Amino acid sequence: MLKSRCRPFNQVCRMELSQNLPLSSSVLKGGRLPRRDLLSGIATALMVGITGNAADAKSNKKENKDEIKNKSERSNSSGKNDGHEQKNGMPTSSSTNIIKPKHLVKGDTVGIVAPASPLENESEIEFTYQWLKKVGLKYKVGKHLFDSYSDFAGSDENRIADFNAMWADPEVKAVMPMRGGNGAARLLNGIDYDLIAKNPKIIVGYSDITSFLIAIHQKTGLVTFHGPMMGGFFEGSYTYHNYLKAVMNNKPIGVVTDKEEKELWNPEGPPTRFVIAKGKARGRLTGGCMTLIRQLMGTPYEIDTEGKILFLEDLDAEPHEIDRMLYQLHLAGKLEKAAGIVVGECTNCNPGGSGRNSFPLNFSLDRILEHRLSGLGIPVVYGMRFGHSKEKFTIPLGVMASIEATDNGVRFKIEESATL
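Residue numbers (this note's numbering): 2 to 421.
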């Protein structure tokens, strides 16, 4: 296992970084008090030099010192520094712009759309209808759901019209993409973000829909959900029950387990995953498919990872391709700014797994991940069940979560409710 490769020296470094880096950040950037007070002190000294009033200088210095002390005490008592909170000694992120949708209940109507690639066959939608009836939900479909235009489910204009119409429909309580594929990012400039902010609803998807989830969350503050889509991904009980737990419930999801039976016996026990770097962290969740995260770089929808727990996954990408994407995130500072990183199973991401020609001496994925992520000074784990894996749990973007990676395994907990 990867955790057995940790070196004592690196462990000490990570411990020192995790203990000292939040403090340094708060000192340097927490309201910019030291810099402002330094300038204030310089201004005071200049005034003293001009007036020659040493008594006033002494008085000003004392008031200035008291002001620093009072502001520091207020900062510490509020538990916030530079947009971060402290809880149980762990660095955390906070936000004041989070909007939560209402959870679904039986009898609610969901809107089915296809903002990316077209449906592969009619059985997809028939399965969806039957599944929604099974859980007691009604449905509406977009006018252009069955369109096909190249590898898109209709033209850009028709796909975005369907999508925005579902947010404007007061009967629709959730917007459910049928599938991913390609083309969702072409619609980002056409999304009515003001409409979404005024009419918060549940949206769930992954793969190509990652671009929607990140853009909508960052533009509006709405909690969005990285999880299975309507196109036939509910065969497994693990996926099914975790999906309902996320969208038909207004309580925190809690500890994320590998299997359902672990919840019955020991919900607080740490599931066993690969520990790339040990540590503790707490922050708001963000992330998705790496290919789509990279596609958004350099755009107004570029992912914000500062102080957050970043989750990553992908499909059919050779290890050297994963390395390329991770290095781009590194160059952009996205990895270093995160509080912690959770990597999914990355289906078919082994050498040759994509079916394309691979380099003959291509490293394994776990070696690429360890090389790129082990020295960040934050907890990093690999092997969680989300994204393009056969079974997956649903992850809400924007809510508080915590991660603890130790020699005994990983404890990943979604602490905050994602819905009202």
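Treat each hint with caution, since some may be false.
[Stated by the list, open to error] Listed next, with one range per pair, are the computed distances between beta-carbon atoms:
#	residue 1	residue 2	range
1	K391	P352	39 to 49 Å
2	G137	H372	27 to 37 Å
3	F147	H321	35 to 45 Å
4	N250	K134	40 to 50 Å
5	D408	S355	28 to 38 Å
6	T348	M298	32 to 42 Å
7	P352	L196	40 to 50 Å
8	A169	D408	48 to 58 Å
9	S124	N98	19 to 29 Å
10	E172	L332	39 to 49 Å
11	G137	D408	37 to 47 Å
12	K139	L421	41 to 51 Å
13	F147	T348	24 to 34 Å
14	N98	K252	17 to 27 Å
[As the list claims (entries may be wrong)] Simulated crosslink set (BS3-like; lysine-lysine; CA at most 27 Å straight-line):
#	residue 1	residue 2
15	K107	K199
16	K202	K252
17	K246	K281
18	K252	K144
19	K338	K391
20	K135	K281
21	K281	K338
22	K199	K135
23	K338	K135
24	K134	K252
25	K414	K391
26	K281	K414
27	K246	K338
28	K199	K281
29	K135	K107
30	K107	K144
31	K199	K103
32	K281	K139
33	K134	K107
34	K134	K144
35	K103	K139
36	K103	K134
37	K252	K139
38	K141	K202
39	K135	K252
40	K391	K135
Read the hints as simulated data drawn from the structure, not as lab findings. The structure presented is a predicted model; accordingly, all values stated were derived computationally and were not measured. Glycine included, each C-beta is placed from N, C-alpha and C at the ideal position.
Each hint tested on the structure:
no., hint, in the structure
1, K391 <-> P352: 39 to 49 Å, "violated (21 Å)"
2, G137 <-> H372: 27 to 37 Å, "violated (48 Å)"
3, F147 <-> H321: 35 to 45 Å, "holds (39 Å)"
4, N250 <-> K134: 40 to 50 Å, "violated (20 Å)"
5, D408 <-> S355: 28 to 38 Å, "holds (33 Å)"
6, T348 <-> M298: 32 to 42 Å, "violated (23 Å)"
7, P352 <-> L196: 40 to 50 Å, "holds (45 Å)"
8, A169 <-> D408: 48 to 58 Å, "holds (52 Å)"
9, S124 <-> N98: 19 to 29 Å, "violated (41 Å)"
10, E172 <-> L332: 39 to 49 Å, "holds (46 Å)"
11, G137 <-> D408: 37 to 47 Å, "holds (45 Å)"
12, K139 <-> L421: 41 to 51 Å, "violated (20 Å)"
13, F147 <-> T348: 24 to 34 Å, "holds (28 Å)"
14, N98 <-> K252: 17 to 27 Å, "holds (22 Å)"
15, K107 <-> K199, "holds (23 Å)"
16, K202 <-> K252, "holds (17 Å)"
17, K246 <-> K281, "holds (25 Å)"
18, K252 <-> K144, "violated (34 Å)"
19, K338 <-> K391, "violated (30 Å)"
20, K135 <-> K281, "violated (40 Å)"
21, K281 <-> K338, "holds (15 Å)"
22, K199 <-> K135, "violated (30 Å)"
23, K338 <-> K135, "violated (43 Å)"
24, K134 <-> K252, "holds (24 Å)"
25, K414 <-> K391, "holds (21 Å)"
26, K281 <-> K414, "holds (12 Å)"
27, K246 <-> K338, "violated (30 Å)"
28, K199 <-> K281, "violated (36 Å)"
29, K135 <-> K107, "holds (10 Å)"
30, K107 <-> K144, "holds (24 Å)"
31, K199 <-> K103, "holds (13 Å)"
32, K281 <-> K139, "violated (42 Å)"
33, K134 <-> K107, "holds (9 Å)"
34, K134 <-> K144, "holds (21 Å)"
35, K103 <-> K139, "holds (16 Å)"
36, K103 <-> K134, "holds (20 Å)"
37, K252 <-> K139, "holds (23 Å)"
38, K141 <-> K202, "holds (15 Å)"
39, K135 <-> K252, "holds (22 Å)"
40, K391 <-> K135, "holds (21 Å)"
When the structure is compared with the earlier hints, violations turn up for hints 1, 2, 4, 6, 9, 12, 18, 19, 20, 22, 23, 27, 28 and 32 and for no others.
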